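Protein chains: 2
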Amino acid sequence: MAAMKILVQKFGGTSVATLERMQKVREKVEDGLGRADKVVAVLSARAGDTDNLLALAGQWSKNPDRAECDVLASTGEQVSVALFTMLLKDGGIKARSLLACQIPVVTDDSFGRARIRSIGSEALRAFLDRYDVLVVTGFQGCTEDGRVTTLGRGGSDTSAVALAAALGSVECEIYTDVDGVYTTDPNICSAARKMDRVAYSEMLEMASMGAKVLHIRSVEFAQKYNVPVRVRSTFNDDPGTLVTQEDSSMEALLVSGIAYDRDQARVTLHDVPDVPGVAAAVFGPLSEKGVLVDMIVQNTSLDGLTDITFTISRKDLKHTLEITAEVAAKTGAAEVVHDVNVAKVSAIGVGMRNHSGVAARAFAALTQEGINILMISTSEIKITILIQEKYVELAVRILHDTFGLDWDVA
Amino acid sequence: MAAMKILVQKFGGTSVATLERMQKVREKVEDGLGRADKVVAVLSARAGDTDNLLALAGQWSKNPDRAECDVLASTGEQVSVALFTMLLKDGGIKARSLLACQIPVVTDDSFGRARIRSIGSEALRAFLDRYDVLVVTGFQGCTEDGRVTTLGRGGSDTSAVALAAALGSVECEIYTDVDGVYTTDPNICSAARKMDRVAYSEMLEMASMGAKVLHIRSVEFAQKYNVPVRVRSTFNDDPGTLVTQEDSSMEALLVSGIAYDRDQARVTLHDVPDVPGVAAAVFGPLSEKGVLVDMIVQNTSLDGLTDITFTISRKDLKHTLEITAEVAAKTGAAEVVHDVNVAKVSAIGVGMRNHSGVAARAFAALTQEGINILMISTSEIKITILIQEKYVELAVRILHDTFGLDWDVA
Numbered sequence: 168m169a170a171m172k173i174l175v176q177k178f179g180g181t182s183v184a185t186l187e188r189m190q191k192v193r194e195k196v197e198d199g200l201g202r203a204d205k206v207v208a209v210l211s212a213r214a215g216d217t218d219n220l221l222a223l224a225g226q227w228s229k230n231p232d233r234a235e236c237d238v239l240a241s242t243g244e245q246v247s248v249a250l251f252t253m254l255l256k257d258g259g260i261k262a263r264s265l266l267a268c269q270i271p272v273v274t275d276d277s278f279g280r281a282r283i284r285s286i287g288s289e290a291l292r293a294f295l296d297r298y299d300v301l302v303v304t305g306f307q308g309c310t311e312d313g314r315v316t317t318l319g320r321g322g323s324d325t326s327a328v329a330l331a332a333a334l335g336s337v338e339c340e341i342y343t344d345v346d347g348v349y350t351t352d353p354n355i356c357s358a359a360r361k362m363d364r365v366a367y368s369e370m371l372e373m374a375s376m377g378a379k380v381l382h383i384r385s386v387e388f389a390q391k392y393n394v395p396v397r398v399r400s401t402f403n404d405d406p407g408t409l410v411t412q413e414d415s416s417m418e419a420l421l422v423s424g425i426a427y428d429r430d431q432a433r434v435t436l437h438d439v440p441d442v443p444g445v446a447a448a449v450f451g452p453l454s455e456k457g458v459l460v461d462m463i464v465q466n467t468s469l470d471g472l473t474d475i476t477f478t479i480s481r482k483d484l485k486h487t488l489e490i491t492a493e494v495a496a497k498t499g500a501a502e503v504v505h506d507v508n509v510a511k512v513s514a515i516g517v518g519m520r521n522h523s524g525v526a527a528r529a530f531a532a533l534t535q536e537g538i539n540i541l542m543i544s545t546s547e548i549k550i551t552i553l554i555q556e557k558y559v560e561l562a563v564r565i566l567h568d569t570f571g572l573d574w575d576v577a
Numbered sequence: 168m169a170a171m172k173i174l175v176q177k178f179g180g181t182s183v184a185t186l187e188r189m190q191k192v193r194e195k196v197e198d199g200l201g202r203a204d205k206v207v208a209v210l211s212a213r214a215g216d217t218d219n220l221l222a223l224a225g226q227w228s229k230n231p232d233r234a235e236c237d238v239l240a241s242t243g244e245q246v247s248v249a250l251f252t253m254l255l256k257d258g259g260i261k262a263r264s265l266l267a268c269q270i271p272v273v274t275d276d277s278f279g280r281a282r283i284r285s286i287g288s289e290a291l292r293a294f295l296d297r298y299d300v301l302v303v304t305g306f307q308g309c310t311e312d313g314r315v316t317t318l319g320r321g322g323s324d325t326s327a328v329a330l331a332a333a334l335g336s337v338e339c340e341i342y343t344d345v346d347g348v349y350t351t352d353p354n355i356c357s358a359a360r361k362m363d364r365v366a367y368s369e370m371l372e373m374a375s376m377g378a379k380v381l382h383i384r385s386v387e388f389a390q391k392y393n394v395p396v397r398v399r400s401t402f403n404d405d406p407g408t409l410v411t412q413e414d415s416s417m418e419a420l421l422v423s424g425i426a427y428d429r430d431q432a433r434v435t436l437h438d439v440p441d442v443p444g445v446a447a448a449v450f451g452p453l454s455e456k457g458v459l460v461d462m463i464v465q466n467t468s469l470d471g472l473t474d475i476t477f478t479i480s481r482k483d484l485k486h487t488l489e490i491t492a493e494v495a496a497k498t499g500a501a502e503v504v505h506d507v508n509v510a511k512v513s514a515i516g517v518g519m520r521n522h523s524g525v526a527a528r529a530f531a532a533l534t535q536e537g538i539n540i541l542m543i544s545t546s547e548i549k550i551t552i553l554i555q556e557k558y559v560e561l562a563v564r565i566l567h568d569t570f571g572l573d574w575d576v577a
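For the protein sequence lines, the chains are S and W, in the order given.
If you want the working numbering, it's the 1-based position in the first sequence plus 167.
If you want the working numbering, it's the 1-based position in the second sequence plus 167.
Because the hints were derived from the structure by calculation, they are not lab data.
Warning: the hint list may mix true and false statements.
Put simply, identical chains are the same to the list, so a pair is met inside one copy or across any two.
Calculated cross-link-like contacts (lysine to aspartate or glutamate; reagent style DMTMM-like; alpha-carbon spacing at most 20 Å) [stated by the list, open to error]: (1) Lys261 - Asp276; (2) Lys557 - Glu536; (3) Lys191 - Asp276; (4) Lys361 - Glu547; (5) Lys229 - Glu194; (6) Lys256 - Asp198; (7) Lys172 - Asp428; (8) Lys456 - Glu418; (9) Lys256 - Glu197; (10) Lys191 - Glu502; (11) Lys229 - Glu187; (12) Lys256 - Asp276.
The structure presented is a predicted model; accordingly, all values stated were derived computationally and were not measured.
Based on the sequences and whatever the hints tell you, model everything.
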């Protein structure tokens, strides 16, 4: 007997928000059944439900118990899967809902941001013998001893990829309200082009830049277990973008996409005495207080004094300035200055790994248009440049054009 | 070591509807912890939540899958227990929520009206070793193979009594928005008196008459496992009414309470040929179509013809008249007449078991006030009389007075 072909399809909160939209989702599942023997449909809570539930927790308690927040929030997906299964059964499809704890999707006990440890894949296969479609709650799991957990925001993507990994050699389709992954944000660059394929590593860099298409942990999971992920729209028939392993066609391109992030604030400590351990004195307290530092630059020392500049998320600015003021007093720094009118743009591509000169081309292109480069950070497949926020759109378009992303590469 | 004293407390939908009310519930649980070592708090869904969820199912499907309705509806209590546990933990109480499937409360697979088969009492006791208060979802359970079920309307009372039975020799407090069980409805009889004690059998008869205080299945459960049940108010400190086994003080009273039910419609088949099997010909089709027949009277035959009269719930009238018209045609009955302006009143009391003449006293009292008696039915501890609906309030007051229920019996 040929192996059973299983397709995992994940539908986000906007796709299941209303009856009309759920009917579109039903069409996608029916289409999936035409292409595979069985479908596992992973659903998020209806758009707004999770926020409403957590707002309720905020009314009930100033510091709501995290474990009980998960019991509360997990009702959102439970409502989605029950309603959607009713629709499928009305259409004569052999379907049932499955709560994560019924499979089970076992996680650690970090309530609110749990990580998946294992999935009851044998039980899942037994269910697939009896039903054609299993409708599974995304975003949630349970501990070894059966307590309800949630995976944190965007966790439904991770649920879907993990289920696909557990079932083995299965494609995972992530349905959303966009066609796929674009070379850059089409809202600010009309030449943006939908990619047919993108490498896991590129997708990871884009996700970390705030591209909302896929949750970063789901991409890590997909890469680790080599699950092919297809990002596509619930509302049309476009084949979308396949997120997969690198291949030679991807490496032929120097740059695959341009990302940007406005959520940046820059902080500089001027004239810090340049003694051993000064960087630890600055960044240790920030790390302890949970502030995530992004880019860091330390200038060469002049007269035993140096400048230390770093960027953070804007929501952490107030907190960071308080901590940094103490650090400045202790280390004898002259002053602390900050700037919130900054943003970063990145060029990402597995192709740049084997080519030098990509950074130079980016700098030259921006400088030629009069855009001042404030900070630079590079990794193996990414160049990130901090600029003034007012230049973001312009910089994205320049880089998109410079690396020829509007060409359609066959 | 002395046995651990455990108290089960159940709080209904109106008691948990808002944050303010849940704070009252917290006071009751704290009070419970003062009287026992451990508390098991059983919660309903917040008032309106279950109706809203089932309305959603009605929008999604004309004939919603029953199993999925239970998955949907069970989120209501899940929200209640999560929110209430947050409140308890804020107050420093060692508490956690428990979903019925986490205990488990095992039921049969009659989705929407499941019956409890067993309760994981060892697991429950293990949880009680680690927590002072367990906050349990009422109204729900799960099948042997882990599917979510609900017990039907009022099922939270049954959940509470079943948990108390499983834990053994435990009192079960049912908190509601009334002080306890009254000798009759205080809204129509100002002399109505709260009872300190009432026998299970009396409570069963009252519940079957539509007294809303306790769900009938919970009383059956309490009687079967001899669980003392105390009905009391969330909003004051009255000790309420203890529902318990009969004792001699109860038997000293001829009648304990007067109940009434306006939801009655009377149907009569005139001049039915009185041949063997005619009753079956009338009531068989009604039973097959799910119509519950309440009182039945068949007159003595005259000239081989008889009248058959019975009562049903008003919502079943249209359906019943359709069925009865067919039956009349088949059996050769002369005509079918009906009357919706009827109601029944009952006198209930374990004391009447050993005394004759109770029925006669009731009939005499009603007749003296000009109330016509339409039908009569008697059981070991209940006399039920069908009258015209306009006399309901008067009849209740007359019977309440006739049997001396406004006297305070020490």
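Against the earlier hints, flag every one the structure doesn't satisfy and list their numbers going up.
3, 4, 7, 8, 10
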